Each structure stands twice: as C-alpha cells, then as structure tokens.
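Residue numbers (my numbering), protein chains in the order written: chain P, 983 to 1393; chain S, 7 to 419.
Hints are computed from structural coordinates only; laboratory data are not their basis. Among the hints, erroneous ones may be present.
What the hints assert, rightly or not - If you anchor each label on the Cβ, the simulated ranges turn out as follows:
no.	chain 1	residue 1	chain 2	residue 2	range
1	S	Thr295	P	Asp1003	48 to 56 Å
2	S	Tyr394	P	Gly1102	23 to 31 Å
3	P	Gly1102	S	Thr104	24 to 32 Å
What the hints assert, rightly or not - Using 30 Å as the maximum straight-line C-alpha spacing, the simulated DSSO-like pairs for lysine-lysine come out as follows:
no.	chain 1	residue 1	chain 2	residue 2
4	P	Lys1323	P	Lys1187
5	S	Lys189	S	Lys65
6	P	Lys1339	S	Lys359
7	S	Lys225	S	Lys276
8	S	Lys65	P	Lys1187
9	P	Lys1187	P	Lys1370
As the structure is a computational prediction, the values presented were derived from the model and not from experiment. Don't be surprised by glycine CBs; every beta carbon is placed ideally from N, CA and C.
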Amino acid sequence: MKTISVLLILSSLFWLVSACDALLPGTPADDQLLDGPIGDLTPEQNAQFLRGDVAFNNEVFTAATGLGPTFVATSCGSCHAGDGKGHPFTTLTRFGQIDETGNTFMQMGGPQLQNRAIGGHSPETIPAGATFSRFTPPANTGLGLLGALSDEQILANADPDDKDSDGISGVPNLIDAPAYFQPQWFHKPQTTVGHTPRYVGRFGKKAAAVDLQHQTVNAYKQDMGITSPFDPVDPINYAVSGQAGDGVPDPEVPGSRVNDVVFYLRTLRVPVQRNAADANVIAGKQLFVQVGCAKCHTPEWTTPQSDVAVLSKKTFAPYTDLLLHDMGKGLDDGYTEGTAKTAEWRTPPLWGLGLSKNSQGGQEYLLHDGRARSVDEAIRLHAGEAAKTTERYIQLGADDRSKLLQFLNSL
Amino acid sequence: MVGLLVWTTSWAQTDTTKSNPAAFDQLFGRDTTLRTAKDVQLKLNMDATYDRPFLSVGKSPVSVGGYLEANTQYMQTDGVTEGLSFQMRRMTIFLASTINRRIKFLTELEFEDGTKEINIEFAALDIELNPMLNLRGGIIMNPIGSFNQNHDGPKWEFIDRPLSSTTIIPSTWSNVGFGIYGKVYRRNWVWAYEGYVTNGFDDRIIVNGENRTWLPATKANEDRFEESFNGVPMVTLKTALKRRRVGEIGISWMGGVFNKFQDDGLVLDKRRRVDVWALDFNTVLPTKTVLNGEWCWASVDVPTTFSQQFGRMQQGGWLDVVHPIVRRRVFGWNTAVLNLALRVERVDYNVGKFTETSDPIFDELWSVVPGISFRPSPTTVIRANYRYLWHTDLLGNPPARTAGFQFGFSTYF
C-alpha cells in the first residue's frame, strides 16, 4: 500500500511538472501587443528600456513624492494602458490659445487644465472666455521611428500653398523649442521674419512637441505636476493655489529618470499588422490609396542614420505625414498650439488603429477627443482638406468601404 | 531538566488526535465531530486568538507558541516569469499568560518576509467579568470578517491569504484600543458579540503608490500604535451566531474617519469616512466537506478632486471548499489527512461607472486556486496550490493573466 501511495504521489508530481507549460498563461500573440522593445537592443539598452518601463508604467506619484499641487494623472501609465490609446476618462483639456500668436491664459493655468489637486489645493477650472480642446492620449507605439525622421523628410511633403492643387496643403507646426532642447543633426531651425528660429514639431495632437524629451518633460509637469531638472517649476495657478507649490523640493525626478522614459518611448515596438495577406485587406489598402487617404496618412517612411542602431535606416509604415491639415469647422475647437491654426490637426499615425479597443475598454474613442465611436465615423468626420477624400469614401460601395475598414483595422 | 522539557512539551510534540480526531476539528473551530462526539464546545472565529497550541513550562503561567510558513512558487504573467522564488512568508511567536483564572494576556509577534516587517499583531489583556462581558484592551485584531482574527497559516489549505481579506480588509489589521466581547451558549446555539474603539485609518488609503483606493496602505502608518491620525476613534462591531450541525455566520462593521480634517483648531477638510462591512460563514456538509467564505464591502469618501481611479466603493470575497479524501494512518502518522481544496475569489477595487462614458469601472480580479494539502498532524500542513488569476484594469481591457504553482508548508510549533 505504501509503495502504491508513493508511486501515486510521484507520478502526480511528474504529471504536474510536465503539464506546467500548458497550465501557465502564454505570451499574447505578437500582433496583439503594443508594449515591449523594438528589435534587438543591446544589454545596456535593455537595462535602460526596463528602467524607463518601470518609471512609465509603475511609478505612481503621491503628494509626498511631488504630485501636483494640481494634476491630471498620478502616473504615465494611467493614461496609456498597455501603451495604447487613452480613454475619455483619461482625456486631458487644454485651453487659452485662439491663434498662432500665443496663449493669453498662461497666468490662469494655461495651457493645460489640471482638474485634480492634492490636499489643501483646489483643482483648476477653465477660465471664463477661454476656448478649449480635449485630447485623448495617443498610443506610444513606434514613436522612436517617427522621432528619428529628419525635418527635411517631413518638410518634403509640406505644400502650404497647395501648389499641386489637390486641395491638401500640409504645413509644419513651428515650435519655440525649450531651452533644454538640443538639436540633432536632422533638426533644421526654421527662420521666419521677426522671430527667432523655430523647429518642426512632430508629437502631440497639434504637433506642438519638437521631440520626445520635450513631450515627456511637458507630460511630467502638465499631467502630473512633476518637476525635473529640465523644467523645475511646479504648475502654479495663482487663482487656485496662491504661490504654493506641493512642498516637495524641486526637481522631483532626476534628469536620468526623464531620459530613461524618453529612451523607453523611443524604443517601444511598432504594431504588427494583422491579416496582411487577406485579400480584403490587400484590396482595402489599394482603396485607401485610391480614395486619397494616403495623401496625408503617408504609408511608408525610412529613417536616416540614428544614434540608436535599431532605429537606423528602418522602413516602417505609420500612415502619417506628421504635418498639420485643416480638418474643417466640425473639428475646430477654437484652441491651438504653436503656429497651428485652430482647425489644423497633425495627421495621426494609423498604425495600431485596430488594437484601439484593447486599450480603450473594448470600445473605440477616435479622433483627437474620442468623439468618433468607430473608424467609419472618424472618417466621416474628416472635412476641410479631407472633404473630397471623405466624399469619395462615402461614395464607395458598401463592400469596398468594408474592405477599406478591414484594412484600417488590420493596422 | 530534559525530563521537564519532554513533559512540558506534551501538547506540541504529542499527536493529540491519535485517539481523538475531534481534536483536529476543535483546533479549527469546525464541528465535524459534533454529530458523533460528546458535547464539544462550539468554537467561533473570534476564538481563534486563543485557539492555538501552546507550550507551558511546568507551573509557569506563561505559555509559548507560534507558527511558521514558507513556500516556493513559480508564477507567470502573460508569458513573462520572474522565475522560481523561495519565500519565508512569516514566523509568528505567541506568548500567553494566565494572570488569573479570568485574567489573560496574549501577544502575537510576527516576522514577515524574513525581517522585512516585524509587527506586534496582537497584545491584549482580557478580563472576564462574566461570560457575557469581557474586557479587552491593548493591540487588538479588529474583528472584521473572519480571516482577520482567524489567520494562522497552519489553519488554511492555501499558501496565499485571500485577496479580499488582505487588500480590502487589510488583514492582518490590528490597532490600539479597548472593547468588550461576550458569548452566550443555549443548547445547540452560541451567540457572540465584540465591540471595540481603536485608532484607525489615515489618508494613505487614498494617497498611496497603488494608484487606487488601498486600505492596506494605512498599515505603513506605525504611529497608529501611538496616536490617532485625526483624534476620532474607529469603531468595530461584530456579531456571530453558530448552530451545531449547521454552521457559523458572522456580520461585522468597521468605520471611522480617515482624513485629518482639522489641525491646530483650523478646519482643513470635511470629515471623510471609511466604512467596511463583512459577512462571513462556515459550515461542514454531511460529506465532511468544509465550506468557508467571506464577503466584504468598503465605502470610502474620496474627495471629488481625486480621480475616479480611486474607488469610492470596493467589494470582494472568497469561498474555500475543503474536502478530506483520506483521513487515516499514512506513513506512520496516525491521523493524517489528505484534502482536496478549491478557493474561488473575486475583488472589485472600484465599483462604479465612469462619469465621462457611463461605462462600468473595472479594476477587478478573479482567481481560482485548486490545491491539495496533506496534514500529517492537525498542526502541520504541507500544501500544493495552483493559482490562476485574471486582472482586468480600470478600463476593462483584456485581463492580464497570471498563473503558477506554489508548494509550501505551515506549522505550529
């Protein structure tokens, strides 16, 4: 009896061990993931990527660690679940700039509404008379490749005077770069009459951030009220906080932390297209070009030399031109940034579009403020420079529209 | 001297269940033997504090005991694993003293994760005026739910403590305070009550690194053993009823103010309450299958200036099913028991809907833990668990899946 019991136990243990793999949750399919590093990083780069990953997704700020005094979110990951698109719950609001001459509400909390506050402070409200726009957080995927493109490449697609008469202009948002901005060889200062040199913006709904460091430093400060050596002053709104900060010595995070997050964002993977060989998807891609979508949603780019090897000379398909386009009155919120006009929006990358639901709670909240509840609705809301293209889309037969949508959802 | 030690260690070293399996059930407060044995005292979860094996030396009024639990585990989340870990979860030492026939003292000193956390979990003096009226003061275990008071590792067939009992109710949750308790026996019934006023929570429950309402964060406030965070005592009340052959049901409530609403006589905020309710039960089916469960709700008055990420309402619970499949002499152990066990648990850290979309807020867990446990004696358990856990984020995105194997032991000593 004893022998049988021992054998029974041993065989059970053997079965358990051999069944281990089957009983453990495997890695989600590669084409379902947005997080993880792009390509093969060196061990040193992997270490920095991991540090950035932890800072981005795990570091939660509290009043004791510098949050606020007013803020929108307590961590980077709060707004970018799984590095994907955000949700109306995480949408932020910017206000106060009605034209390209600048924001006149900076002393009243502009440009970003911090609608939450730590104890002893009041959250901000939008000042009377200020126009505003709501921004749904974008996906973080493939930002490094977009950041590695040269200004020259981006400007090559600009057509501010619509010289080709296709109804589509495309202009860069020229940005006053922050003092800490260190131009790379591919950044070309743009001189305009009566103004100091400005740089081509490429990140953000209005392309108001010159590079990922600019974007990250702004997000730390404007979204979380976290100061860094690059911008060591808390967001102070005299209307709600007096002159009091959050009481935590500045800077609240070291520069190395910001740089780690920047590196993490630079080296996040790009979305993998799904069903690329499907006949409908292939046909949909042809229709995408045929209808005219690709005029702004530029399908393919190749990066020049980069200081990060995995970003060098890479051909990729983000479906954006990184330029501003007038999208018509319907999408004009009366708010803008940089030299963009209020109706102008940067062409958003479409890669990862089909995975939006995985980060938006099983639903879709598209366009800059999440107002479109499907890809089809988002297309139909395109106007201004995109009006003719939208019309051509609507004129397609239901079958062709379906193919085009299948293609977009495969991205 | 050796003889004295051998004699005095009789409780722990001798298998007292050798000829009396009821001892096993008595230890666990289960009345599986009541249908066959004589009139055995009806034990409740609230009795767990003293319902432990102790050693006493000679005629010394001081008894010593404790328990130890350690395990190894291999867990994996969506294909990513941290590998194999060995964990020394906790070692707890009890010291009890019968100062007088009706005056008792007990303390429980716990070392968690090696010496990462060292806590006096319990250190209270009990004075019996009447079985219906006992006074208790010191560091007490707030009687919320069942697990907080009845948490000793060797009593459970699972390596991990229940999620809702550790992340909504911050077990083990103890505070300084005073209170009363009592019990009444009537034939097949026993009814008991407990009521305490103690120090309580602080604002860490909504200002913490978890990015959610997290009651356990308040345990980092070591000052709670010295002073109240806001001067308002927390009240904990529990009542339990047990009927022989049917089971025990307990209802408990714990509530108080968690924020510093005034300082130096100046008003800083309104009084913000945290309230926790719990319902617990346990029973033994005719098949000897033990059912044990607890469900709790927590309501927190989160300031409107906080994000909805911080839940205003939380709820969760667990159900353990333990069925003995072998109960006889095994490998020379006279009353060894082999159990099959299953725990199902759920926690919702944020009950509500987004104001922006009216969609439900998620941030919830489901977990299933099948296991097998072997008890060579009632005071020692060797257990193997398999856990599968689904964690859905705030927005309701596809859940992260974690699963893995755990193997370990827990024993009184």
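Hinted pair lysine 1187 (chain P) and lysine 1370 (chain P), Cα distance within 30 Å: This hinted pair holds, its Cα atoms lying about 22 Å apart.
Supplied distance hint 23 to 31 Å, evaluated on CB atoms of tyrosine 394 (chain S) and glycine 1102 (chain P): 44 Å, violated
Aspartate 1003 (chain P) and threonine 295 (chain S) - C-beta distance against the hinted 48 to 56 Å: With a Cβ separation near 32 Å, threonine 295 (chain S) and aspartate 1003 (chain P) fall outside 48 to 56 Å, so the hint is violated.
30 Å Cα cutoff - pair lysine 1323 (chain P), lysine 1187 (chain P): 12 Å, holds
Proposed proximity, lysine 359 (chain S) with lysine 1339 (chain P) (alpha carbon, max 30 Å): 18 Å, holds
Given pair status - lysine 276 (chain S), lysine 225 (chain S), alpha carbons within 30 Å: 23 Å, holds
Hint consistency between lysine 189 (chain S) and lysine 65 (chain S) [alpha-carbon to alpha-carbon, up to 30 Å]: This hinted pair holds, its Cα atoms lying about 29 Å apart.
Satisfaction of the hinted span 24 to 32 Å by the C-beta atoms belonging to glycine 1102 (chain P) and threonine 104 (chain S): This hint is violated: roughly 51 Å between Cβ atoms.
Proposed proximity, lysine 1187 (chain P) with lysine 65 (chain S) (alpha carbon, max 30 Å): This hinted pair is violated, its Cα atoms lying about 80 Å apart.
Consistency with the previously given hints fails for numbers 1, 2, 3 and 8, ordered from lowest to highest.
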